[in-house]
Structures are given as C-alpha cells and as structure tokens.
Amino acid sequence: MADGTLAAPRPAAIDGTRANGMQRFARRRSTIAFLMALPLLLVVLGLVAYPAGYGIYLSTLNRRMTANIGLGNYEILFDSDTFWDVAFQSCVFALSAVFLKALIGFWLAHMLHHIPAKGQRKWRGMLLVPWVIPPALSTLGWWWMFDPTYSSINYILNIFAVPSVPWLGEAWWARSAIIIVNVWYGAPFFMIMYLAALKSVPEQLYEAAAIDGATSWQRLRYITLPMMANIISITVLFSLIVTFANYDIVRVLTNGGPRDLTHVFASYAFQVGILAGNIPRGAAVSLFMVPMLAVCAFFVLRGVTRRNKEQM
Amino acid sequence: MSIRAGNGMSRRNVLRSGAGVMAAGTLSAPMVHAQGTGGTLRCGFWDHWVPVGNDILRRLCAEWGQANRVEVQIDFITSVGNQNLLTIAAQAQSRSGHDLLSFPTWEPASKAELLEPVDDVMGRLIGKYGAVTPAAEYLGKVNNRWVAIPAVSGTQMKPACVRFDLLQQHAGIDIRAMWPAENRRGPGADTWTWDTFLTAAEKCHAAGFSFGIPMGAFTDAVDLVGALFASYGASVMDARGNITVRNNAKLRTAIEYMVRLSRFLPNDVWAWDDASNNRALISGRSALIFNPPSAWAVAKRDAPQVSANCWTVPVPAGPEGRFTPYLPYFWGIWNFSRNKSSAKALLEHLSERPQAEAQTTTSSGYDIPPFQSMNDFAIWATEGPPVGTVFNYPIKPHHQSQTSVAFAPAPAEFAVQAYTLALNTKVVARIVQGGESIDAALGWLERELTTIKRGG
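Those protein sequence lines, which keep their order, are chains A and B.
Numbering-wise, my numbering puts 65 at position 65 of the first sequence, and it's gapless, one number per residue.
Numbering-wise, my numbering puts 453 at position 453 of the second sequence, and it's gapless, one number per residue.
Just so you know, these hints were derived from the structure itself, not from any lab.
Note that this is a predicted model, so its numbers are computed, not measured.
All residues carry an ideal CB built from backbone N, CA and C; glycine is no exception.
Misleading hints may appear alongside valid ones.
Here are the simulated SDA-like pairs of lysine to any residue, each with C-alpha atoms no more than 20 Å apart in a straight line [claimed, not checked]:
| hint | chain 1 | residue 1 | chain 2 | residue 2 |
| --- | --- | --- | --- | --- |
| 1 | B | K453 | A | K199 |
| 2 | B | K396 | B | T191 |
| 3 | B | K453 | A | M65 |
| 4 | A | K199 | A | W173 |
| 5 | B | K453 | A | N62 |
| 6 | B | K250 | A | G72 |
| 7 | B | K453 | A | W84 |
| 8 | B | K453 | A | G70 |
| 9 | B | K453 | A | T66 |
| 10 | B | K453 | A | D81 |
| 11 | B | K453 | A | G72 |
| 12 | B | K203 | B | F218 |
| 13 | B | K141 | A | R64 |
| 14 | B | K453 | A | A229 |
| 15 | B | K396 | B | I126 |
For the chain B half of the interface with chain A, some residues (derived, Cβ under 8 Å), not all of them [stated by the list, open to error]:
| hint | residue |
| --- | --- |
| 16 | N82 |
| 17 | L86 |
| 18 | G216 |
| 19 | F336 |
| 20 | T420 |
| 21 | K426 |
| 22 | E448 |
Here are some, though not all, of the chain B residues that point toward chain A, as calculated from beta-carbon distances under 7 Å [to be verified]:
| hint | residue |
| --- | --- |
| 23 | A89 |
| 24 | A90 |
| 25 | S110 |
| 26 | W270 |
| 27 | A271 |
| 28 | A275 |
| 29 | V416 |
Given only the sequences and the hints, what does the whole structure look like? Please build it.
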C-alpha cells in the first residue's frame with residue numbers, strides 16, 4: 001500500500017503542502033487500521049445499528065405507522081396482563097435454562113476432562129451433536145416426542161405404568177418442556193467452553209493443593225472456579241442474551257400456548273408484529289429485552305474487568 | 001499500483017463517468033420490453049397444499065400471458081413458517097417486489113393503503129356472477145372499496161367432516177340421510193343444532209371417539225369457536241369498534257356452551273394445532289372434526305377404511321342461524337406495481353367461472369370460489385369414495401348457512417389482532433383449564449380488547 005502511494009506521480013507544486021499532509025494522514029497506522037476495519041464497520045452499521053435504530057423508530061409509531069406516538073406503545077404494553085405474563089415467562093425461561101445449561105455444561109466438561117485423550121474426542125463429538133443440529137429441526141423432533149396425543153415419551157412412561165404427562169397442554173409442563181429442549185440444545189456450548197477453560201488451568205496449582213492436603217471440593221472451590229470465573233461469566237452473559245432472544249423453540253413447540261403461558265419476548269413480538277399486523281407494538285415488545293440485557297451485561301462485564309485488574 | 005494510467009484517465013474521472021452513467025440509467029429506466037408486448041408481470045401466489053394446485057395456476061397464467069403478450073413470472077410462496085406474511089411485510093416496507101400477491105385472510109385490510117383498488121374488476125365480476133359471500137366482502141372491502149379480489153386458490157371452508165358410521169352407532173344420527181348429496185335437506189336436518197351436537201359429542205366421547213375440536217391458538221380452533229359464537233349472536237366488538245363484552249347475555253351463553261362442550265373433548269385439545277384434528281380423524285380416534293376435505297383426502301391415501309366412512313355436512317345451527325368457518329385468500333395488486341392494468345386483467349381472467357372451476361377441480365374440490373353462484377361445480381358431486389362425500393363442502397342454498405370470520409363485525413384492524421391472539425379460545429381455556437370464573441375471564445377479555453384498540 002505504502003509502495004503504491006509512493007509510486008504515484010508527484011502532484012503539482014501548488015498543491016504540494018496539502019498533498020504532503022494528505023499523504024502523511026494516509027500513512028498513519030490509525031488511518032490504515034480504520035480503512036481496513038471499514039468493511040466490517042459498514043456491515044455492523046448496516047446489519048446491526050441501522051435495524052436497531054429503525055426498530056426504535058418503528059416502536060414510536062402508531063399501528064398504521066402514520067403518526068409518532070412517542071412511548072405510547074410501551075405505555076400500552078405496561079397495561080397489558082399478557083405482556084407481563086410474557087415478561088415473567090421470559091425471565092423464568094432464560095434464567096432457569098441458562099442456570100441448568102451452565103450446571104450441566106460444567107459437569108460434562110469435568111467428566112470429559114478426566115477421560116483419557118483418545119476416548120475424549122469421541123465423547124466430545126457425540127456430546128456436541130445437539131448443538132450442531134439446527135434448533136428448528138431438532139425442536140421438531142422434540143415436538144413429536146411431546147405431541148399431545150401421540151407422545152413417544154408418554155408411551156414409554158405408560159409402559160412403566162406412569163400416567164401420561166400433558167407436556168404441551170398444561171402451563172408448567174409446557175414451560176418445562178421448552179426449558180428442557182433449550183438446555184438439551186445449549187448445554188454442549190457451555191461444555192466445550194468450560195472444557196477449554198479447564199484445560200488452561202495449570203496442573204501445578206492442583207499439585208500444590210494436593211501437597212497441602214486439599215480435598216476435591218476445596219480444589220474446585222479455590223482453584224478451578226476462580227480460574228474459570230471469567231469464562232463462566234462471559235459464557236453465561238452470551239447465553240443469557242441468546243436465550244432471552246430465543247424464538248424457534250417456543251414457536252415450534254407450543255406457539256406460546258396454552259393461554260399465552262409459554263410466550264417469550266421474541267415469539268410474542270412476532271405474533272403481535274407480523275401475524276397481527278401491529279409492527280410498531282411488536283417492535284416495542286422486542287426492544288423491551290434491551291434494557292434488561294444491558295443491565296446484565298453491565299454487571300457481568302464489570303465483574304470481568306475487576307477480576308482482570310486483580311490478577312494484574 | 002499506480003493510480004493514474006498512462007492514457008491520462010484518472011480513477012476519479014472513471015468513477016465520475018461511471019456514476020453518471022449509472023445514475024442516468026437508473027433515473028431514466030423505463031419498463032423496457034419488446035415492442036407490442038404488455039411487459040412483465042411478477043406474481044407471488046400462495047404455494048398450494050395440493051401440488052397440482054400450483055400447476056393449474058401456472059398453466060392458466062401461461063395461457064393468458066400468451067394471449068395477451070405479457071410475460072408472467074410466478075413465484076409460489078409457502079405459508080409454512082408464515083413465509084407469505086413475512087414476504088408481504090417486507091414488500092410493504094420496501095415498496096418493491098411483486099406486482100400482485102396472494103394475501104391471506106386479514107392482510108388486504110391490513111395493507112389496504114398500499115393496495116390498488118379493484119372496484120372495476122369486482123364490479124364486472126359481480127355483474128356477471130352475482131353476490132360475493134359476505135365474509136369475503138367483510139375482509140376484502142375497506143371503506144366501501146374493494147382492495148383485493150377474493151381468490152379461488154387457497155380459499156377454504158371448515159364444515160363438519162363426520163364419521164357417519166360412528167355417529168350412527170354411538171349417537172343414533174343418520175347424518176347422510178340428514179344431509180344427502182343432493183340439493184335438498186333430508187329428514188331431521190332441522191334438528192342439526194348445537195344442542196344435538198352436544199348430546200352427540202357426549203355419547204361419542206363416552207364411546208371413546210371424542211369429537212376432535214382443537215382449542216388452542218391456531219386457525220382451526222379460532223374459526224370454529226368464532227362460527228359458534230356467531231350462531232349464538234355473540235360478538236365481542238361491534239362494527240364501530242365498541243367493545244361489547246360487558247352485560248352481553250349472548251356471549252355468556254355461547255361461552256357457557258363451549259365450557260360444557262369442552263368436557264366431552266379429548267383432554268389435550270388445548271395444545272392441538274391445525275394438524276392435530278386431522279390426525280385424530282385419520283387415525284380413527286375421532287368421530288367428527290371441522291375441516292376442509294384435506295383431512296379426508298389424506299385419509300383416502302393413508303387410511304381408506306376411514307375415508308370410506310367420512311361425510312362432509314354443514315356446521316350445526318345456533319339460535320341466530322348457521323355459520324360456516326371461512327378462511328379465504330385474496331389476490332391483491334400493490335399500488336407501487338408498474339403493471340397494474342395487466343395485473344387486473346390477469347386476476348379477472350383467473351376469477352372467471354371456467355378458470356375458477358379448473359382451479360377447484362384440480363385441487364379435488366378444496367378451493368372455494370368467492371361467488372355463491374359457483375358453488376355447484378361438478379367436482380363436489382363426483383368426488384369419492386364414498387361418492388358425494390364433499391357435496392356439502394361448499395355452502396348450498398338449502399344449507400341456510402352463511403360464511404363466518406371470527407371477530408366479525410369488528411373493524412378488521414382490531415379483529416385481526418383479536419383473531420391472531422385467539423382471544424375467543426383463550427377465554428374458554430381460562431375458564432375450563434385455568435379455573436377462572438366466567439366473570440373473571442370476561443374481564444380479562446375486555447382488558448385485552450381495550451389494549452388492542454389503543455395506539456391507533
């Protein structure tokens with residue numbers, strides 16, 4: 001790039017000062033870095049910032065999108081029983097699913113970590129399968145297993161004289177079904193992240209602890225967890241964002257039913273915005289996630305920064 | 001990497017000239033086509049459940065295109081995953097896309113401001129074929145102007161598909177004698193009411209063949225409950241948009257009926273989707289469902305012993321009449337289309353009787369034309385086995401029935417939201433499943449409707 005610039009013919013004397021200034025500006029590392037990052041910035045602006053800004057703008061319009069009603073859509077949502085049900089369910093769904101995914105992922109990572117390297121690869125591949133199948137497809141498989149009339153899970157339960165479970169017909173069972181599918185799909189992600197973190201914990205620390213007579217619980221509590229704290233925080237935050245915005249599992253499994261008691265923000269926003277033709281209110285529903293996730297992100301990232309400073 | 005070439009052309013000059021050419025080309029771009037042709041018409045039709053349903057549209061459009069020297073490009077857009085709704089929303093936002101599209105039930109009213117009025121086409125068609133079914137008029141006419149043409153392809157009704165052997169055996173009703181494959185009522189047809197239906201539901205439930213009526217948030221459930229409410233004269237919002245839930249005796253009676261009926265339905269109907277009732281019939285578990293002939297058609301392929309005992313009959317009548325659930329498609333032309341006249345001409349051609357009959361016949365009688373005078377196509381009398389099983393699928397004069405859309409006569413912009421949110425089935429579910437009192441459930445319904453009305 002620099003060669004190319006130098007190879008360019010000298011501009012006329014009258015523009016000499018300005019051209020030199022421009023050349024210096026173009027040669028600055030920050031300018032080159034900016035230019036190289038520009039395509040990515042444009043992508044982010046076009047596919048993230050613009051839609052987000054447009055979403056905010058849409059949420060301020062009336063149903064016909066002919067007049068600006070400010071925060072009117074949010075005010076209407078706050079007065080809606082269904083919306084508060086959706087907010088409650090989104091929180092229950094996201095928090096319990098992320099907690100279970102983190103717990104199961106941590107346990108699986110530990111199990112895998114103690115398997116010899118040769119066998120580990122095979123298990124790791126098998127355990128990652130749920131994560132690599134497109135969720136809409138795998139949820140369809142789960143839906144067949146939970147089917148109200150022909151549930152294969154119920155068929156097996158009945159063999160053992162256990163009564164059928166209304167997996168998708170009763171509110172709490174339906175919520176549980178959605179959480180189960182989300183955990184099944186998302187736990188491998190936690191597992192692989194935690195496995196990588198576990199492998200990076202220096203063995204010497206465990207050896208020193210063993211010499212000091214530390215129990216396995218103490219090793220976990222005072223070595224493993226502190227060493228993994230940052231990766232746990234980041235993984236939980238990332239998963240919280242993705243789980244809060246989950247749409248396909250609810251859509252395929254329950255469509256928000258029974259009685260709207262399994263809707264989450266994304267599925268409800270789609271129903272209100274696209275299916276019911278009230279795009280501004282649908283935008284307002286989906287944007288309600290932003291402040292909640294921003295608060296979570298603030299606290300998690302503050303914790304990460306604080307720990308990094310302590311370690312330095 | 002020299003910027004300036006030896007011939008004196010600078011990069012800036014090249015870019016400037018290129019931009020000029022591009023701008024001139026774009027700004028002046030007319031619809032260029034060969035001399036003497038009508039240009040290109042881009043159509044987005046609904047991707048029919050019946051594969052040959054697409055073939056007939058393709059053929060009819062090609063014939064018309066050839067005769068009128070218009071290149072007709074067709075995309076078939078599926079409703080699976082609401083792909084058609086997403087396409088409509090995207091084209092409405094970007095003001096670009098197809099010239100004409102298939103619009104499901106509520107979309108013409110929702111997008112009325114972006115649709116080219118088609119009063120001229122509808123005027124000619126009505127002049128030729130008589131009145132359009134009232135529900136299609138309610139959905140397709142906004143502020144006294146037709147904004148879309150009620151389509152043949154994809155439009156369905158949901159009368160009762162009955163296992164006549166089971167109904168005879170367990171409820172003692174000879175439904176085929178009551179509603180024969182003829183243009184007349186049989187003995188006992190006057191007794192085919194919701195009260196008779198309730199008694200039959202109880203008996204069949206006791207015999208292990210419960211009626212398969214979904215009560216979730218999908219269209220089959222919402223449409224049937226809407227038709228039942230209409231037959232009791234129960235509405236939740238009037239045509240002016242006033243909420244009519246409070247002190248509404250008819251609404252309360254209809255809800256009480258649904259609560260009683262729910263006791264005789266399978267206990268998992270609250271989680272049923274639009275395919276669950278079909279499966280209930282095809283598997284032989286159910287004595288009756290409300291559905292177009294698609295369930296019977298699948299049974300004919302997969303369970304012929306079931307389909308041989310199926311008979312389609314009108315929906316039972318209530319105190320205020322008989323209402324048949326109706327789920328139409330419309331053909332609409334965007335007002336940003338560049339070929340509106342060709343679009344209108346094509347849609348008029350597709351709506352003519354010979355073309356309408358071709359569509360209905362190819363779909364084995366599934367597609368219902370919007371004109372009541374067309375409800376006599378031969379296919380409904382000849383389809384079988386048993387022959388005549390779908391004779392009573394379209395509304396015939398002796399049915400004394402009319403089409404129903406749930407939440408009519410509320411203004412379409414409010415009705416669509418109530419419909420999509422399935423407020424009518426949820427109010428029943430809150431009582432039966434959630435254990436709420438009728439008053440509490442009606443209070444919830446009123447609050448939800450108020451929320452829908454707010455925000456313009």
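Against the structure, the hints:
no., hint, verdict
1, K453/B <-> K199/A, "violated, 58 Å"
2, K396/B <-> T191/B, "holds, 18 Å"
3, K453/B <-> M65/A, "holds, 15 Å"
4, K199/A <-> W173/A, "violated, 38 Å"
5, K453/B <-> N62/A, "holds, 11 Å"
6, K250/B <-> G72/A, "violated, 34 Å"
7, K453/B <-> W84/A, "holds, 18 Å"
8, K453/B <-> G70/A, "holds, 17 Å"
9, K453/B <-> T66/A, "holds, 16 Å"
10, K453/B <-> D81/A, "holds, 15 Å"
11, K453/B <-> G72/A, "holds, 13 Å"
12, K203/B <-> F218/B, "violated, 27 Å"
13, K141/B <-> R64/A, "holds, 17 Å"
14, K453/B <-> A229/A, "violated, 49 Å"
15, K396/B <-> I126/B, "holds, 18 Å"
16, N82, "holds, 7 Å"
17, L86, "holds, 7 Å"
18, G216, "holds, 5 Å"
19, F336, "violated, 16 Å"
20, T420, "holds, 4 Å"
21, K426, "holds, 5 Å"
22, E448, "holds, 7 Å"
23, A89, "holds, 6 Å"
24, A90, "violated, 10 Å"
25, S110, "holds, 4 Å"
26, W270, "holds, 5 Å"
27, A271, "holds, 4 Å"
28, A275, "violated, 10 Å"
29, V416, "holds, 5 Å"
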